[in-house]
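Student: Top line first, the protein sequences correspond to chains V and W. With the first sequence counted from 1, adding 1 to any position gets you my numbering. With the second sequence counted from 1, adding 46 to any position gets you my numbering.
Hints listed in this document are in silico derivations from the structure and should not be mistaken for laboratory results. For every residue, glycine included, the Cβ atom is placed at its ideal position computed from N, Cα and C. Heads up, a few of these hints could be off.
[Said to hold, decoys possible] Simulated coverage check for chain V against chain W, where a stretch passes if three residues somewhere in it have a Cβ under 8 Å from a Cβ of chain W: (1) 25–38; (2) 69–83; (3) 151–159; (4) 209–222.
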Amino acid sequence: MTRVHDMGGRFGDGAIRPESEDDPVFAEDWHARALAVTLASGFLGQWNIDVSRHARERLSPKDYTRFSYYEKWISGLADLLVDNGVLTLDDLRDASEGDHPLSARMLKADAVAGALAKGGPADRPSNIAIKFEIGQDVRTAHPTANRLVDGGHTRLPIYAAGAKGRVLRLHGTHVLPDSNAHGLGEAPEPLYAVVFPASELWADPEHPNDEVVLDLWQSYLEPL
Amino acid sequence: MPHDDHDHPHALLPPEPALRVKALETILTRKGLIDPAALDEIIDTYQNKIGPNNGARVVAKAWADSAFKHALLQDATAAVADLGYYGRQGEHMVVVENTPEQHNMVVCTLCSCYPWPLLGIPPGWYKSDAYRARAVREPRKVLSEFGVSLPKDTSVRVWDSTAEIRYLVLPIRPDGTEGLSEDELAALVTRDSMIGTGLPKVRS
């Protein structure tokens, strides 16, 4: 079982409302602020991208569903700051001014361009041998679950669990989110793009030739 | 470890979202953990400097320059870095080419992964539950809501961005654009055509 964020294939969400390409990047000023506060806080170096994704996923299903996109971000951030010891619950109630041991790491305005341009690549050398060839048939794990931490972060969506697909590309060896989201190390392993016929995933696919591709780590896959 | 056994700390902040953001920004600023001027800089970057114009330049160059297109399809990260496009949420790029036989479309069902250095911050619909839920199961109905209908012989391949690989769609170059400059071609490339929910503009 996964969490509420794992919604691929779900019924009932209604129509999509396309927006004009000329619409503002941020519909509200606070959206921009929420994004910027989250990014700047990340540069304190107290968590990685997998931890921060998991913080949003760990919002209760009720909150995840009722919160707008940037409410999820800001609420996930508040939880991250406390869970990682950056702030205390008392700080959230009433923050006093004062020195903080992490303030030397504060992202300064003149460092922003360089920090954003630098990025954070996720490929790493790995001593795990590549197991699958391009073109090889594979099956995804079933049930979907983090095998290291019960209820933990994973990137195999439930709609693709136990599905038969074919390796399309090898992306190299990448940090394993299931481990990295829980402070268990980066545990890099081979990452593949795997293509699935729509008929393998859905009871009533729209077209016999349609396909879905997912990026999946080697430990999510078994040979057929 | 998942912390499912206590009340979430965020509940201590004001419930109204704009106030919630403001409260957290104030707390972090008082503690010397964030610099409001740095926030302004981040916002300016994604509001004014990095957006779909970058991706449009890449697409236009691929349409105009077959050697570049070849390099782009082989190793997009290196090819777009040569044009100066690299950075957060674009560290591992893959470009997928539309053909008369196959149309590509990109989604992130689990969150909102998107190639920031080439397209900027994703539009609201890309992050919506409806798009995340439906794009993988019924891409053709989704496309119809964007006003796009494909020939019946064209298959659809949907890319669900489940890792740190970021996908950009290379749309089909519109007919009647022979002899156009890269700038003129770039003006035909829409954001949605690079996500795969739209097609390039037709030249008027």
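Student: Okay, which hints does this one fail, numbers in order?
Tutor: none
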